[in-house]
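Visitor: Sequence:
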Amino acid sequence: MTGMRERELLRGLFEAAVAAADPAKVVPPHLPSPPPGRTLVLAAGKAAASMARAVEESWPNEMDGIAVTRYGHGVDCERIKVVEAGHPLPDEAGQGAAARFLSAAAGLGPDDLLLFLLSGGASALLVEPLPGLSLTDKRAINRALLEAGVPIAETNCLRKHLSAIKGGRLAAAAAPARIVTLAISDVPGDDLAVIGSGPTAADPGTCAHALAIAGRYDVKLPEIARSALEQGRWETVKPGDPCLARTDYVIVARPGHALAAAAAKAREVDLDVIRLGDDLQGEASDMGAAHAELARKQAPGLLISGGEATVTNKHPGGRGGPNLEFLLSLAVALDGAPNVHAIACDTDGIDGSADAAGAFIGPDTLARARAAGLDSRDMLARHDSSGFFRRLGDLVVTGPTRTNVNDFRAVLVT
Numbered sequence: 006m007t008g009m010r011e012r013e014l015l016r017g018l019f020e021a022a023v024a025a026a027d028p029a030k031v032v033p034p035h036l037p038s039p040p041p042g043r044t045l046v047l048a049a050g051k052a053a054a055s056m057a058r059a060v061e062e063s064w065p066n067e068m069d070g071i072a073v074t075r076y077g078h079g080v081d082c083e084r085i086k087v088v089e090a091g092h093p094l095p096d097e098a099g100q101g102a103a104a105r106f107l108s109a110a111a112g113l114g115p116d117d118l119l120l121f122l123l124s125g126g127a128s129a130l131l132v133e134p135l136p137g138l139s140l141t142d143k144r145a146i147n148r149a150l151l152e153a154g155v156p157i158a159e160t161n162c163l164r165k166h167l168s169a170i171k172g173g174r175l176a177a178a179a180a181p182a183r184i185v186t187l188a189i190s191d192v193p194g195d196d197l198a199v200i201g202s203g204p205t206a207a208d209p210g211t212c213a214h215a216l217a218i219a220g221r222y223d224v225k226l227p228e229i230a231r232s233a234l235e236q237g238r239w240e241t242v243k244p245g246d247p248c249l250a251r252t253d254y255v256i257v258a259r260p261g262h263a264l265a266a267a268a269a270k271a272r273e274v275d276l277d278v279i280r281l282g283d284d285l286q287g288e289a290s291d292m293g294a295a296h297a298e299l300a301r302k303q304a305p306g307l308l309i310s311g312g313e314a315t316v317t318n319k320h321p322g323g324r325g326g327p328n329l330e331f332l333l334s335l336a337v338a339l340d341g342a343p344n345v346h347a348i349a350c351d352t353d354g355i356d357g358s359a360d361a362a363g364a365f366i367g368p369d370t371l372a373r374a375r376a377a378g379l380d381s382r383d384m385l386a387r388h389d390s391s392g393f394f395r396r397l398g399d400l401v402v403t404g405p406t407r408t409n410v411n412d413f414r415a416v417l418v419t
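Heads up, the sequence shown is in this note's numbering, so the first residue is 6 and it goes up one at a time.
Simulated from the structure, these hints should not be mistaken for laboratory data. There may be inaccurate statements among the hints.
Here are the simulated BS3-like pairs of lysine-lysine, each with C-alpha atoms no more than 30 Å apart in a straight line [said to hold, decoys possible]:
id	residue 1	residue 2
1	270	302
2	270	243
3	270	30
4	225	270
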């Protein structure tokens, strides 16, 4: 295997990006002043437990709370109860946590503080269907959205309008308490209403928007949901609602911060850096081909990008998330170009359903694949990028990073 020096450099850039979103660093500087009454901490998302521990280590007064995170992403906390639940498909543990969130928030008064810690993954981890819907219904809808590769903003618009906790409804439960939300953004554009489906944020979307999204992607809705959306009965909390009058919202880390940290590290070794944006969206395979075209034209230097690629999975047997599919497409499009190395990883440490954060490619990737009896184009068509990179030994395995600022991609042209 060639390119170990390049891989070491690229791995260091990824680690710098993840470190820039470490909750222990980014949460404490933004903590509010303690209230005259009690402090309730509620945390949801892949970074929820590590954000909760960061609060515990810095908060000067009494507090209690609950954090819900993905299985395997928990950390020990002393005063905040940590619950692990299903992601990307919701489960009973997530539904139980959502019910506890709403009950705890409803017990707050005007002298109290709800400190809400939000990160990517909260949409699946906090599930409380509106009356008439079941957890089975929500799981089926989530699965359909995932398989259709629906962009996150549209996915969350539909999910909010079927939820008793998303789309500002947690804020409505907590009013008239003061509400401070500290968020780690994992969405393109850092839209407050989209991060975690905005449990404490105003939602400009409407039932009509949600219904149109379901139709556009052929997502089957139970009749009670379709009827409620058609009649506008399941509207979310809108801008200007009085329940948001005492709400503050701070994004403490975002994809742009991660790219900036990686770019700074690259410049330490005199690399010219071109940032393609931290909000790229689209099919992972299309994105890989586009990056390959740019790399072929690029003088020596580094191309970096973030955002959220998607995979429209027409072959359910395939395994591998958008970062792995991006890389396999990139390798196929480069066709052994002699001077290009790349890494692509999900900053939460888990790429889609794979047990790796991402992988590497280099000039010898396709040649080694052929020698191993792998058909790269066929495996790309079958969405089996995880199997491809596992056979080559090129996976990047970090385990859960306990933060999440979405995809990180770096293409090194030597």
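Visitor: So, for every hint listed, does it hold in this structure?
Guide: Each hint tested on the structure:
{"no.": "1", "hint": "270 / 302", "result": "23 Å, holds"}
{"no.": "2", "hint": "270 / 243", "result": "42 Å, violated"}
{"no.": "3", "hint": "270 / 30", "result": "18 Å, holds"}
{"no.": "4", "hint": "225 / 270", "result": "47 Å, violated"}
Hints 2, 4 from the earlier list are contradicted by this structure; the remaining hints agree with it.
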